[in-house]
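S.K.: Sequence:
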Amino acid sequence: MVLLDTHIWIWWVSGSDQLKPAERQILDCLSEPPAIAAVSLWELSLLFQLDRISLNLPIFEWLDLATRPSLVQIIDCSPEVAKELIKLPTDMHRDPADRMILATAKANDLDLITRDKILDRFAKMDSLRIQNL
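The sequence shown lines up with residues 379 to 511 when you count with the numbering used here.
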């Protein structure tokens, strides 16, 4: 199973042209629904409230669509995720959502799909499997 970074999840569900056709094909052909960290819901809400994203549907409709179990699995925070958060270097990444996403991937042994260069660098240092789209 793979874990989608928040921006990848938003672009994929929205049909955004920010996701390249080859990238979309990879996501559309997964053998099981990808996962998102629960913190991605918080991050989406914050981005929406700050008017930093535009969606192709009203926000509540978009959320209902984007969180259907047939589309994505939502992984909650757990003691294992908290332990991975504690292990992360404090200078690695200041964004709490990205730290949670990284810890969620590590705690659940998931490949992380992202375009975030900071997460990519850390993942390489820490042997986390990352798929940079």
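The set of hints was computed from the structure by calculation and includes no laboratory data. Do not take every clue at face value.
As the list claims (entries may be wrong) - Capping the alpha-carbon separation at 27 Å, the derived lysine-lysine pairs in DSS-like fashion look like this:
id, residue 1, residue 2
1, K465, K495
2, K398, K461
3, K461, K495
Unchecked claim - Quick list of simulated restraints, FRET-style, between CB atoms:
id, residue 1, residue 2, range
4, I452, D395, 22 to 28 Å
5, S432, K461, 35 to 41 Å
6, P467, S409, 17 to 23 Å
7, C407, L441, 32 to 38 Å
8, P436, D395, 32 to 38 Å
9, D469, A400, 31 to 37 Å
10, L408, P436, 33 to 39 Å
11, G393, F438, 14 to 20 Å
12, N434, L466, 30 to 36 Å
13, D395, I437, 16 to 22 Å
Owing to the predicted nature of the structure, the values given are computational and were not obtained by experimental measurement. Each residue gets a CB set at the ideal place from its N, CA and C atoms; glycine is no exception.
S.K.: Each hint needs a verdict: does it hold in this structure or not?
M.R.: Cross-check of the supplied hints:
Proximity of K465 to K495 is assessed by CA-CA distance (about 20 Å); at most 27 Å being required, the pair is judged to hold. This hinted pair does not check out: K398 and K461 have alpha carbons roughly 35 Å apart, beyond 27 Å. Taking the CA atoms of K461 and K495, the gap is near 23 Å; set against the 27 Å cutoff, the hint holds. Between I452 and D395 the CB atoms are about 26 Å apart, so this pair conforms to the stated range of 22 to 28 Å.
One distance hint, 35 to 41 Å for the beta-carbon pair S432 and K461, holds here, with the actual separation near 37 Å. Checked against the hint of 17 to 23 Å, the C-beta distance between P467 and S409 comes to roughly 34 Å, which is inconsistent with it. Our hint of 32 to 38 Å for C407 and L441 is violated, since their Cβ atoms are close to 25 Å apart. Take P436 and D395: their Cβ atoms lie about 21 Å apart, and the range 32 to 38 Å is violated.
Remark: the range hint 31 to 37 Å for D469 to A400 is upheld by a beta-carbon distance near 34 Å. Taking the beta carbon of each, L408 and P436 are about 27 Å apart, not inside 33 to 39 Å as hinted. Hint check: G393 to F438, Cβ distance near 18 Å, so the stated range 14 to 20 Å holds. Evaluation of the 30 to 36 Å hint for N434 and L466 yields a pass: the beta carbon distance comes to about 34 Å.
Checked against the hint of 16 to 22 Å, the pair D395 and I437 passes, with Cβ atoms roughly 20 Å apart.
Of the numbered hints given earlier, the model fails hints 2, 6, 7, 8, 10; all others are met.
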